[in-house]
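Protein chains: 2
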Amino acid sequence: MSIADDNDNIFKALASRTRRQLLDFLKDRPQTTGMLCAAFPDLDRCTVMQHLKVLEEADLIIARREGRERWNHLNALPIKHIHDRWIGPYAAHAIGILDRLQADLG
Amino acid sequence: MSIADDNDNIFKALASRTRRQLLDFLKDRPQTTGMLCAAFPDLDRCTVMQHLKVLEEADLIIARREGRERWNHLNALPIKHIHDRWIGPYAAHAIGILDRLQADLG
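Taken in order, these protein sequences are the chains called B and H. Numbered according to the working numbering, the first sequence spans residues 1 to 106. Numbered according to the working numbering, the second sequence spans residues 1001 to 1106.
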């Protein structure tokens, strides 16, 4: 069992569509928990907080408290490490070309 | 629901530690199913083939038949797309610096 497999909690966290959507929402800027609840009206506050807890334990978000507000920041480092695990520096270049080619043809 | 969430099968495929280890094994070169079975002696052939099927359906491996052998190739494009979903071109640069800094300090 390799050390990299300590990342189980990261992949488990990403396996939920709702949690991926929460991360999408945090991509451009940090959001308070209240803002996230407002953006996901189908989820009650407790469910949003449970998802945020799973994401925080996986180190995919970093929370900072400011007064009564909790600001949730996307932490992209674990996502970079997923990329680097299977795509080395040389392959990254080749895959970038392939991806653009597919986009141009698609 | 965004189009990107059609990727459910990719994240489900990556949520299994064994499937991630199979992808690790394919990183450097394609392998036949027989080679993979030999590399994972704790798994029976049927289990290996089930995992390969999940990975193939998620487009994380591409299989090519040559005579009686099936060669399994890692397809890194979906992994690049995970990266690109949450890490834009500008952020990629900043995160690269942060990652090296953490590695140097660690």
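A portion of the hints provided could be inaccurate.
To be verified - Simulated pairs of lysine to aspartate or glutamate, DMTMM-like, Cα-Cα distance not exceeding 25 Å: (1) H/LYS1080 - B/ASP42; (2) B/LYS80 - H/GLU1057; (3) H/LYS1053 - B/ASP84; (4) B/LYS12 - H/GLU1056; (5) B/LYS12 - H/ASP1042; (6) H/LYS1027 - B/ASP28; (7) B/LYS12 - H/ASP1099; (8) H/LYS1080 - B/GLU57; (9) H/LYS1012 - B/ASP24; (10) B/LYS27 - H/GLU1056; (11) B/LYS53 - H/GLU1057; (12) H/LYS1012 - B/GLU69; (13) B/LYS27 - H/ASP1028; (14) B/LYS53 - H/ASP1099; (15) H/LYS1012 - B/ASP104; (16) B/LYS80 - H/ASP1042; (17) H/LYS1080 - B/ASP28; (18) H/LYS1080 - B/ASP84; (19) B/LYS53 - H/ASP1024; (20) H/LYS1053 - B/GLU57; (21) B/LYS27 - H/ASP1008; (22) B/LYS12 - H/ASP1024; (23) B/LYS12 - H/ASP1104; (24) H/LYS1080 - B/ASP99; (25) H/LYS1012 - B/ASP42; (26) B/LYS12 - H/ASP1059; (27) B/LYS80 - H/ASP1104; (28) H/LYS1027 - B/ASP42; (29) H/LYS1053 - B/ASP99; (30) H/LYS1012 - B/GLU66; (31) H/LYS1012 - B/ASP99; (32) H/LYS1012 - B/GLU57; (33) B/LYS27 - H/ASP1042; (34) B/LYS27 - H/ASP1044; (35) H/LYS1080 - H/ASP1008; (36) H/LYS1080 - B/ASP59; (37) H/LYS1080 - B/ASP24.
Claimed, not checked - Label-pair distances were calculated between CB atoms; the ranges are: (38) H/PRO1041 - B/TYR90: 27 to 33 Å; (39) B/CYS46 - H/GLU1066: 31 to 37 Å; (40) B/ARG29 - H/PRO1041: 47 to 53 Å.
Just so you know, the hints here were simulated from the structure itself, not pulled from any lab data. Note that CB positions come from ideal geometry on N, CA and C, so glycine has one too.
**Item:** Index of numbered hints that the structure contradicts, given in increasing order
**Value:** 1, 6, 10, 11, 12, 13, 15, 16, 19, 20, 23, 28, 30, 33, 34 and 39
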